[in-house]
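Order-wise, the sequence lines are chains A and B.
Sequential numbering of the first sequence, starting at 4, is according to our numbering.
Sequential numbering of the second sequence, starting at 4, is according to our numbering.
It cannot be assumed that every hint is accurate.
Because identical chains cannot be distinguished in the list, a pair is counted as satisfied if it fits within a single copy or across any two copies.
Derived lysine to any residue pairs resembling SDA-like cross-links, with alpha carbons at most 25 Å apart [claimed, not checked]:
1. 149 / 130
2. 175 / 199
3. 77 / 28
4. 149 / 198
5. 34 / 44
6. 149 / 191
7. 75 / 25
Hints listed in this document are in silico derivations from the structure and should not be mistaken for laboratory results.
Protein chains: 2
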Amino acid sequence: MAKARPKNSIQDEPSSPWRKAGERTREREIKREAVLRTAAQLFNEKGFHAVSLDEVAERLNVTKPTLYYYVKNKDEILAECVRSGLELMQEAIARSDEAGGTAIDKLIAAMRKYAEIVTMDFGKCLIRVGEDPLPPESRRAVRRLKAEIDREFRHLIELGIAEGSLRAVDPKLAAFTLAGALSWIGRWYRADGELGPDQIAEQCIGVLMGGLALPPKATVARAPRATAAKRVAKKAAK
Amino acid sequence: MAKARPKNSIQDEPSSPWRKAGERTREREIKREAVLRTAAQLFNEKGFHAVSLDEVAERLNVTKPTLYYYVKNKDEILAECVRSGLELMQEAIARSDEAGGTAIDKLIAAMRKYAEIVTMDFGKCLIRVGEDPLPPESRRAVRRLKAEIDREFRHLIELGIAEGSLRAVDPKLAAFTLAGALSWIGRWYRADGELGPDQIAEQCIGVLMGGLALPPKATVARAPRATAAKRVAKKAAK
Chain A
4 MAKARPKNSI
14 QDEPSSPWRK
24 AGERTREREI
34 KREAVLRTAA
44 QLFNEKGFHA
54 VSLDEVAERL
64 NVTKPTLYYY
74 VKNKDEILAE
84 CVRSGLELMQ
94 EAIARSDEAG
104 GTAIDKLIAA
114 MRKYAEIVTM
124 DFGKCLIRVG
134 EDPLPPESRR
144 AVRRLKAEID
154 REFRHLIELG
164 IAEGSLRAVD
174 PKLAAFTLAG
184 ALSWIGRWYR
194 ADGELGPDQI
204 AEQCIGVLMG
214 GLALPPKATV
224 ARAPRATAAK
234 RVAKKAAK
Chain B
4 MAKARPKNSI
14 QDEPSSPWRK
24 AGERTREREI
34 KREAVLRTAA
44 QLFNEKGFHA
54 VSLDEVAERL
64 NVTKPTLYYY
74 VKNKDEILAE
84 CVRSGLELMQ
94 EAIARSDEAG
104 GTAIDKLIAA
114 MRKYAEIVTM
124 DFGKCLIRVG
134 EDPLPPESRR
144 AVRRLKAEID
154 REFRHLIELG
164 IAEGSLRAVD
174 PKLAAFTLAG
184 ALSWIGRWYR
194 ADGELGPDQI
204 AEQCIGVLMG
214 GLALPPKATV
224 ARAPRATAAK
234 RVAKKAAK
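Can you build the whole structure from these sequences, using the hints too?
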């Protein structure tokens with residue numbers, strides 16, 4: 004067996020102007036991430052079609068040919084940004100699930116993370132730009148990932164209904180309602196706004212979980228308040 | 004005073020291969036509307052940037068030069084489509100308001116119409132494409148209209164809180180939550196899907212008004228179910 008190197012051996016080695024292979028790979032990853040993130044920020048600010056790779060390069064203080072060392076083209080950048088946003092969501096939902104607790108706890112934890120992610124560069128890009136500008140194959144791949152996240156939410160809602168913590172709603176429609184309300188945050192959120200992402204998430208989740216209407220007349224669809232009020236008024240008039 | 008013409012005078016007049024000015028104006032309006040609607044359908048199917056005016060012309064069985072008699076360019080078409088969607092919403096909210104009743108009645112009526120409009124050509128175009136591809140000035144005009152609709156929802160929520168039919172939520176965040184959930188319908192709705200627009204609207208409004216959580220543990224943000232459950236479990240273990 005080779006003798007273990009002393010801890011500070013790296014400083015003792017003759018210095019080389021070239022970095023080690025591992026370092027280079029890591030540095031390449033960091034730079035690629037910076038390209039994607041900067042592009043996502045520009046897409047979110049100006050819209051996908053209005054952004055040129057020259058602008059991305061300019062913001063990173065490099066030339067356009069340098070970008071091509073990290074990414075193939077604008078479509079690939081968008082596909083990667085959107086995929087990163089979706090992966091963040093999937094990880095968050097998986098972690099909410101692993102954290103244990105009741106279905107309603109898991110659902111609320113997943114919603115909190117979802118709301119947070121749509122205020123971040125890749126999540127915002129997923130909501131504001133999305134997969135529509137992508138070529139058909141990447142678009143389909145993104146839609147598959149989206150459908151998986153949707154299924155996760157639906158599953159948590161089904162579990163919540165089964166455990167008796169959620170109302171007997173249509174899980175599919177309820178999942179769409181949650182996703183819509185939470186995704187919308189990514190469309191209007193501004194980092195310089197009054198409320199932080201956490202506060203926004205709490206308010207939005209509060210409405211979705213608790214409803215807008217005051218109980219006990221909460222089931223408006225079946226027994227609208229006004230009808231009840233009119234019935235009371237009619238009785239009183241007799 | 005000129006003598007009133009007999010009712011069927013139009014048939015007695017010598018026929019002309021040219022139509023009357025009023026008829027021509029009306030026909031022009033109908034044709035312009037068809038151009039906008041067909042373009043909106045194509046934008047919704049394929050995305051704004053992927054659609055050419057040639058395709059719009061082809062679907063209408065006319066040539067591209069014919070289109071230019073009705074619209075200036077693709078940007079103008081989108082601006083008009085989005086504006087039409089927003090005008091439909093404004094009219095719907097105004098009608099809900101005029102119909103009278105309590106604030107919660109008006110709010111629910113406005114939400115129903117909003118949900119219906121986002122499943123229609125111009126409403127869907129407003130949600131799926133939106134103002135982002137437009138030049139700055141049109142974009143600002145559209146955002147002003149959007150802000151007005153948002154204010155209407157906020158106002159109805161404030162009235163609902165004041166009349167005691169709605170919970171004391173943050174009206175701004177609640178309005179965004181409603182708009183998000185309802186707008187999202189325009190993103191996933193398919194005319195060939197299982198549920199019709201009415202059923203979707205009822206389910207979505209049911210979640211928004213009644214909440215997902217079963218009462219009385221509805222105020223999840225302040226007293227999460229799990230915490231309460233844990234407290235009970237701790238007490239029981241003593």
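Each hint, compared with the structure:
In this homomeric assembly, residue 149 and residue 130 come within 25 Å of each other (Cα to Cα) both inside a single copy, at 11 Å, and across copies, at 18 Å. Taking the shortest Cα distances, residue 175 and residue 199 sit within 25 Å of each other only across copies (14 Å), while inside one copy they are farther apart (29 Å). Taking identical chains as interchangeable, the C-alpha atoms of residue 77 and residue 28 lie at most 25 Å apart only when both belong to the same chain, with a minimum of 22 Å there against 45 Å between chains. Taking the shortest Cα distances, residue 149 and residue 198 sit within 25 Å of each other only across copies (21 Å), while inside one copy they are farther apart (28 Å).
For a Cα distance limit of 25 Å, the shortest separation of residue 34 from residue 44 inside one copy, 15 Å, qualifies, whereas the shortest one across copies, 41 Å, does not. Taking the shortest Cα distances, residue 149 and residue 191 sit within 25 Å of each other both inside one copy (21 Å) and across copies (12 Å). When the C-alpha separation of residue 75 and residue 25 is checked against a cutoff of 25 Å, the pair qualifies only within one copy, where the shortest distance is 23 Å, while the shortest distance between copies is 57 Å.
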